[in-house]
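Got chain A; can you put chain B on it based on the hints?
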Amino acid sequence: MTAALQGIRVLDLSRYVAGAYCAKLLAAFGAEVIKVEPPGTGDPARAVGPFLHDRPDPETSALFLYLNTGKRGLTLNLKHPQGREILKALARDTDVLVENFAPRVMPSLGLDYATLRAVNPRLVMVSISNFGQSGPYRDYKANDMIAYALGGYMYLNGHPQRPPLSGGGHQPAYQGALHGYSGAMAALMARQQSGQGQHVDVSIQACMASIHQFTINRYVYVGRIQKRLGNRYQRAHPITIYPCRDGLVSLAVSTLEQYERFLALTGLTVLLEDARFATPFACSEHAASFDELLAPWLQARGKHDIVHRCQENRIPASFVNDVAEVMDDPQYRFRGFWHDLDHPVAGRQAYAGFPFHLTATPPVLQRACLLGEHTEDILTARLGCNRTQLADWRTQGVI
Amino acid sequence: MNGALHGVRIIDLTRVWAGPHATRMLADMGAEVIHVTGRKLVGPLTVSQETARILGVYPDDEPGERHWNRNSQTNDLMRNKYDVTLELDTPEGLSLLRRLVAVSDVVVENYSPRVMPKFGLDYPRLQALNPGIILCSMPGYGSQGPHRSFISYGTNVDPASGLASLMGYPGEMPHMSGNAYPDPVAALFAVGAILTALYHQRRTGQGQYIDLSQAEATTALLGEASLGVRLNGVVPPRMGNRHPRQAPHGCYPCRGDDAWVAIAVGSDDEWRALARALGQPAWCAEARFAALSGRLQHHDELDRHIAEWTAHRDAYEVMHTLQDAGVPSGVVVNAEQLVNDPHLRDREFFWDIDHPEAGMRRYAGQPVRLSATPARLYRPAPCLGQHNDQVLGGMLGLSADERAALRDKGVIGDHPVPR
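First to last, the protein sequences are chains A and B.
For what it's worth, our numbering labels the leading residue of the first sequence as 1, then goes sequentially.
For what it's worth, our numbering labels the leading residue of the second sequence as 1, then goes sequentially.
Don't read these hints as lab results, they were simulated from the structure.
Note that the coordinates shown come from a computational prediction; the quantities given were computed from them, not determined experimentally.
C-beta: ideal position from N, C-alpha, C; glycine also.
Take these hints with a grain of salt, some might be off.
[Unchecked claim] Listed below are the simulated EDC-like cross-link pairs for lysine to aspartate or glutamate, each with C-alpha atoms no more than 16 Å apart in a straight line:
(1) A:K141 to B:D324
(2) A:K141 to B:E336
(3) B:K40 to B:D414
(4) A:K227 to A:E285
(5) A:K141 to B:D268
(6) A:K227 to B:E336
(7) B:K40 to B:D89
(8) A:K79 to A:D112
(9) A:K227 to B:D258
(10) A:K227 to B:D257
(11) B:K409 to B:E92
(12) A:K88 to A:D112
(13) B:K409 to B:D89
(14) B:K118 to B:D89
[What the hints assert, rightly or not] So these bits of chain A aren't anywhere near chain B, every CB distance computed over 10 Å:
(15) T115
(16) D246
(17) A381
[Stated by the list, open to error] Below, a sample of chain B positions facing chain A; criterion: calculated Cβ distance under 7 Å:
(18) R98
(19) G192
(20) R202
(21) Q206
(22) A220
(23) L222
(24) S226
(25) L338
(26) D414
Chain A with its partners taken away, still in its complex shape (with noise of 0.2 Å):
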């Protein structure tokens, strides 16, 4: 079995998570990908938790390990004159450079996309970053929760009548690295047809902004401004999480033939000839005493039974997993989602894999690498250097 990148060579300069994960991305279908990191501390992402044993330790903290699987190790100093030099000199024969740098450092560096595409025309170079290339906010700074707020996210999070809510983990970033994935993929299919690379500069900001149209819709059609509904959806009800006897349940009851589905099953078909409850909607407008209503049945049942008795009527129900607990999730061990992967430091571990079976290319998941794990390796044979040089390299602190 071939992989779909093989042969694709790949520089990521990337930091945290947004390049790290497009990069994974590469690196799982074949590409072969160079992590490049600053001498000594390498990607700020080392230095976040969790660790192994709660150890702060470079080699294993979960970020970094997570994002940079299937990656080589390389440490270069791009502070250093001779380091922007062998960037360039790897830039000569790499497909596509990923970097999350803010838009002010690769031209601080003289390694704007122009420079590179004077090196080497075919190259894609990947930009992702909070607000993209361009514009006012360019030079702002931002982090996962100002993504979600200026993207227009936070603002349908949460309660009515309390703050907006930040989402959970790192999701604008991830955005970041998904649609820097595609944006890398469409620019090499474009090369196959024009042999020319091109810049492909991802604003995390609008990635969020693009992910949640329906408001914009409902905004520009009808002059309405969705608000926060609380730990609700679309002024449909039941579509919401609920306790029951032994934990809590999912249920998303959002048509009419689900909602009367729904109320035959829990015994409260009656409802239907209540003004306040005939419909979903109606239901949404007298949400607490419905669940009053509903509560008997819900405590009288575990998940389990109710999760598999609503899915048996057709009526959309999901269990509520947290992290640890969707690792037990016989769903996703069917479809064997979690790998085990070795590490010399970290020890073997079980890691989250990729959401796509593909059956002619399909993804490998391989450990990440270990900070400058692989120097010697790529210089020796990428640019044929030898053992005098990368010493000195090494005392000057460019690797």
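Using the frame of chain A, we list chain B on its own:
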């Protein structure tokens, strides 16, 4: 100028959101996306007039004579696509779909896993029609396994994937995202996988089957959290708007109705910058706030002080003042503010699209900018069956008489039909 995906032909059998969002991105990048609509499905999928008014999907709440051509969500998700109507429960409809597959690169569908095999459209049979064909299926939980037949919406995937467990007010229940976040996540993974398979197909001629689980897609974006549990045994708690390693970090009220600003102080330097921007009030100089550990410990007090400062100020004023001082901050924009955001407008993020039955309206564009082959508007969303003649005549070579016969038999048409 051709788009990046010029020359790629995609048969789009998707519905609702995750699938159409994926094929829209491919269409924006220049692929020829032919959406196949079952007219019997248009009726049930089109919300009732009452519901439509509640949700606000028609221009100025006016459904018009042909409401199916005026639905904002359809018009958003269908831009740049072609629309052909085919009834897959008729032999003619199925046969025409198979002929389309034979001359295409990709088929995308997000039915439940039972549907495609039922129509005889499982991957081996599609591949027999066209060895290079790529099929991407994207059901909620995957095409095989104990939960394969679960009905699933993004609002269920949110809790099932683990994402809801990380969001919420501290000490309270897991909280769903405000807008079915897992749908676009699945869409983006589908786009990446399809482009990867296409790249392989262009090099080798080989097609393949992609089976994508929407639930796994969202769980993959929490991978550091699940690995973290393996490393130190701690299930991460819900922190609201707080951050494990940054303080102050929160959402603060501003002047006006439901107006908020998010502020994230990520370092001691940024803390000192915040103090300067606030005019060096006495509380900022308190020793217990000087280091991160103290700021984390006394976060409630920090929040009270900061909220007092923000409460009488305009959210934009706060953001610009703090950003000019080097403090990460951002207005919590609502839909109106988002559509008028000066930065997004400067970058021409929004696309104004004139649709024949919905008029000139503004839509979110593509967040990915390709310098040589940019995504762009090729055509507004089609009306129902608008390209029946173009696709069945031009692409498959059916004569005008044959198309008229199909129309008479109800296999194709431009109005919904009852189920």
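Hints and how they fare:
1. A:K141 to B:D324: holds (10 Å)
2. A:K141 to B:E336: Violated. K141 (chain A) to E336 (chain B) sits at ~23 Å, over the 16 Å cutoff.
3. B:K40 to B:D414: holds (12 Å)
4. A:K227 to A:E285: Between K227 (chain A) and E285 (chain A) the Cα gap is close to 15 Å, so the pair holds against 16 Å.
5. A:K141 to B:D268: Holds, at roughly 15 Å.
6. A:K227 to B:E336: Given pair K227 (chain A), E336 (chain B) holds - Cα atoms ~11 Å apart, limit 16 Å.
7. B:K40 to B:D89: Roughly 10 Å separates the two Cα atoms, so the pair holds.
8. A:K79 to A:D112: holds (14 Å)
9. A:K227 to B:D258: Status holds; Cα separation ~9 Å.
10. A:K227 to B:D257: Roughly 12 Å separates the two Cα atoms, so the pair holds.
11. B:K409 to B:E92: Holds, because 10 Å separates the two Cα atoms, which is no more than 16 Å.
12. A:K88 to A:D112: Judged against 16 Å, a Cα distance of about 11 Å means the pair holds.
13. B:K409 to B:D89: Holds, at roughly 13 Å.
14. B:K118 to B:D89: holds (10 Å)
15. T115: holds (14 Å)
16. D246: Holds: least Cβ distance 15 Å, greater than 10 Å.
17. A381: holds (24 Å)
18. R98: With a closest approach of 20 Å, the R98 (chain B) hint is violated.
19. G192: holds (5 Å)
20. R202: holds (6 Å)
21. Q206: Holds, about 5 Å.
22. A220: holds (5 Å)
23. L222: Result: holds, 5 Å to nearest chain A Cβ.
24. S226: holds (5 Å)
25. L338: holds (4 Å)
26. D414: Since the shortest Cβ distance to chain A is 22 Å, the answer is violated.
Going down the numbered hints, you'll see the structure goes against 2, 18 and 26, while the others check out.
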